[in-house]
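Participant: Note that the protein sequences, when read in sequence, are chains F and X.
Here the first sequence stands for residues 1 to 352, where the numbers follow UniProt numbering.
Here the second sequence stands for residues 1 to 315, where the numbers follow UniProt numbering.
Keep in mind the hints are simulated off the structure, nothing from the lab.
Glycine is no exception: its CB is placed at the ideal position from the N, C-alpha and C atoms.
Warning: the hint list may mix true and false statements.
Using 20 Å as the maximum straight-line C-alpha spacing, the simulated DMTMM-like pairs for lysine to aspartate or glutamate come out as follows [what the hints assert, rightly or not]:
id: 1; chain 1: X; residue 1: Lys204; chain 2: F; residue 2: Asp118
id: 2; chain 1: F; residue 1: Lys160; chain 2: F; residue 2: Glu88
id: 3; chain 1: X; residue 1: Lys89; chain 2: X; residue 2: Asp76
id: 4; chain 1: F; residue 1: Lys41; chain 2: F; residue 2: Glu88
id: 5; chain 1: X; residue 1: Lys204; chain 2: F; residue 2: Asp215
id: 6; chain 1: F; residue 1: Lys160; chain 2: F; residue 2: Glu192
Just some of the chain F residues that point at chain X, by a computed CB distance under 8 Å [to be verified]:
id: 7; residue: Glu103
id: 8; residue: Arg105
id: 9; residue: Ser106
id: 10; residue: Phe116
id: 11; residue: Ser121
id: 12; residue: Ser122
id: 13; residue: Val126
id: 14; residue: Leu220
id: 15; residue: Gln221
Listed here are the chains, written in short residue letters.
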Amino acid sequence: MTTIDKTAEVPSARSGDDHVGPLLEVRDLHVEFHTRDGVAKAVNGVNYSVNAGETLAVLGESGSGKSVTAQAVMGILDMPPGRIPQGEIFFRGQDMLKMSYEERRSIRGQKIAMIFQDALSSLNPVLTVGYQLGEMFRVHQGLSKKEARAKAIGLMDQVKIPAAAARVSDYPHQFSGGMRQRIMIAMALALEPDLIIADEPTTALDVTVQAQVMDLLAELQREYNMGLILITHDLGVVADVADKIAVMYAGRIVETSPVHEIYKRPAHPYTKGLLESIPRLDQKGQELFAIKGLPPNLLNVPSGCAFNPRCVMAQDICRTDIPPLRPVTERDGTDLVGRGSACHFWKETIHG
Amino acid sequence: MPDLTKTAPVPDETKAPVADPSAVVKADKARSLWGDAWQDLRRNWYFVISAGLIVILLLITAFPGLFTSASPTTGDLVNHFLGKPELSKIGSPEWFGYDGQGRSVYARVIYGTRASVIVGVAVTLAVTLFGGLIGMLSGYFGGWIDALLSGFTNIFLGLPFLLGAMVVLQAFTDRSIWVVVFALAFLGWTQIARVMRGAVITIKQSDFVQAARALGASTPRILFRHILPNVMAPVIVVATISLGVYISAEATLSYLGLGLASPTVSWGMDISGGSAQIRVAQHILIYPSIMLSITVLAFIMLGEAVRNALDPKTR
Chain F
1 MTTIDKTAEV
11 PSARSGDDHV
21 GPLLEVRDLH
31 VEFHTRDGVA
41 KAVNGVNYSV
51 NAGETLAVLG
61 ESGSGKSVTA
71 QAVMGILDMP
81 PGRIPQGEIF
91 FRGQDMLKMS
101 YEERRSIRGQ
111 KIAMIFQDAL
121 SSLNPVLTVG
131 YQLGEMFRVH
141 QGLSKKEARA
151 KAIGLMDQVK
161 IPAAAARVSD
171 YPHQFSGGMR
181 QRIMIAMALA
191 LEPDLIIADE
201 PTTALDVTVQ
211 AQVMDLLAEL
221 QREYNMGLIL
231 ITHDLGVVAD
241 VADKIAVMYA
251 GRIVETSPVH
261 EIYKRPAHPY
271 TKGLLESIPR
281 LDQKGQELFA
291 IKGLPPNLLN
301 VPSGCAFNPR
311 CVMAQDICRT
321 DIPPLRPVTE
331 RDGTDLVGRG
341 SACHFWKETI
351 HG
Chain X
1 MPDLTKTAPV
11 PDETKAPVAD
21 PSAVVKADKA
31 RSLWGDAWQD
41 LRRNWYFVIS
51 AGLIVILLLI
61 TAFPGLFTSA
71 SPTTGDLVNH
81 FLGKPELSKI
91 GSPEWFGYDG
101 QGRSVYARVI
111 YGTRASVIVG
121 VAVTLAVTLF
131 GGLIGMLSGY
141 FGGWIDALLS
151 GFTNIFLGLP
161 FLLGAMVVLQ
171 AFTDRSIWVV
181 VFALAFLGWT
191 QIARVMRGAV
201 ITIKQSDFVQ
211 AARALGASTP
221 RILFRHILPN
231 VMAPVIVVAT
241 ISLGVYISAE
251 ATLSYLGLGL
261 ASPTVSWGMD
271 ISGGSAQIRV
281 AQHILIYPSI
291 MLSITVLAFI
301 MLGEAVRNAL
311 DPKTR
């Protein structure tokens, strides 16, 4: 079946196993790195889930553990120095951390694929893009060189690279940044995976190309009814594409929310700070807000809430007790579906 | 005014590349690492001369009979070595004179090429394959595999190259070309292993290796399809430069009487034999020496040229 035929199909018809529940579920995941200076706790108990056709945006600064979580899900963490001391990663109900190496390898690319941040360094400079696109089919489906090349041209057409047939034997450096990112997307899409993890797919691109690439990604996701985990630090990118948001700080999820509500009413001071630091046209001329201080050193995370040294609302309890991720409710106690905040003072933050 | 006339036929100019897109693609294609290197090499005199010499040497190796009618092993004592070289008779058996047993020095130089070139090329191939594999495995896997293989490499690196080769050769009574190849390759692979290991360690940290892993490529595939093409440049450079070194090592061993033995013809043996008559018949010594120098020089020059072409920093 060619990739183009797929559009005609009913979205729910894909998959073909009887698993009910989320496509991917990460439960209490911990990742640490053993370095010469000590143990860096990069991820400290992350929970999230993604359903088919859903987009989860994972937001956070550099070093917040968002990429490490994704690498753990993909199974491409360098171990050692990395280690997963506890946690479970369920893909269609099966814990991937308990699978054999070969089982995991057959999932990679075929069921879960990844789009990397810097497309130039993520493509092999000495191999043509056609070869690299076709490799997916050769590794997982055992197609011949010729068939793989034809498939590669089809993929390049699909991600809207002009003159695909003429450019299939070009090298990565002969493409522009936006085109390269399209090739990365095509590679990830090749085998029509159930889940795509996009690790800052637009960071290396300029703003106009960013919009094109995100539109393309959203369009393809709808077409194939894939789950998408979008890792980013750009709140602007998220608003148009994501269904729900998880904000990470120092290896923990500090706030979860459906996408539009978080912009209206953040329930964590960190999210609030992030939103206030977006430049806005109606505040022209004023000084831009910035969260003071630096992200914590992962070798030495502050006690209590990791955000307390930078937080404007910090009290004594924040320095002693780690706040769990609690459900967020309206003032009158009605549930806000999908919302959670890991702050002792979430009520004050959201309603205050 | 000329500017205006130039801007007028714009539609034609834009049409030209569209009419022949294959030409555009072709011109573009050369701009890869190897394409750039080739552009660079073609204009490099060192490369042109050394490559020309090497082509001639390979021709001599393959078809020595094309270059001389004389036999290198049958001598006629009528042609005693006191018969001086007749330099005007280019290509004739007496061109470089005769040696002590009445054999044509020219024929011996021609037939001796085969031993030198085969030893050089075969040792280089063996060393590149074995050393490259060891270096690649230890660089890619790291950890205890690296510790083990690097330790193994360092043990061999500690053995003196020529002295070690002599000891190995002592163990064989039949000294064919392949025994000499084995003795030199046995101790010569360490340099390539170290170069390869370093290059692989650098490349394996690239994003594209992680990307290949994320897309489900197996370990052998990552090693041979993704990493290997990226580390070939430094390995090829070291290999071409050391090829000349192996040729001179063979000559040294033969000179010392430990390398090849008669009836194989080799420059090293002739230099050794010629040095005995250096006072009366210098030509027996000089011509094989000149050939040896030219050959070693050609390979080293080629290696240098390739290195400069592949290293963007020297451009």
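Participant: For every hint, state whether the structure bears it out.
Facilitator: Do the hints match the structure? See the list:
| no. | hint | result |
| --- | --- | --- |
| 1 | X:Lys204 with F:Asp118 | 16 Å, holds |
| 2 | F:Lys160 with F:Glu88 | 38 Å, violated |
| 3 | X:Lys89 with X:Asp76 | 19 Å, holds |
| 4 | F:Lys41 with F:Glu88 | 17 Å, holds |
| 5 | X:Lys204 with F:Asp215 | 33 Å, violated |
| 6 | F:Lys160 with F:Glu192 | 17 Å, holds |
| 7 | Glu103 | 11 Å, violated |
| 8 | Arg105 | 5 Å, holds |
| 9 | Ser106 | 7 Å, holds |
| 10 | Phe116 | 5 Å, holds |
| 11 | Ser121 | 4 Å, holds |
| 12 | Ser122 | 4 Å, holds |
| 13 | Val126 | 4 Å, holds |
| 14 | Leu220 | 17 Å, violated |
| 15 | Gln221 | 18 Å, violated |
In terms of the numbered hints stated before, the structure departs from hints 2, 5, 7, 14 and 15, listed from lowest to highest.
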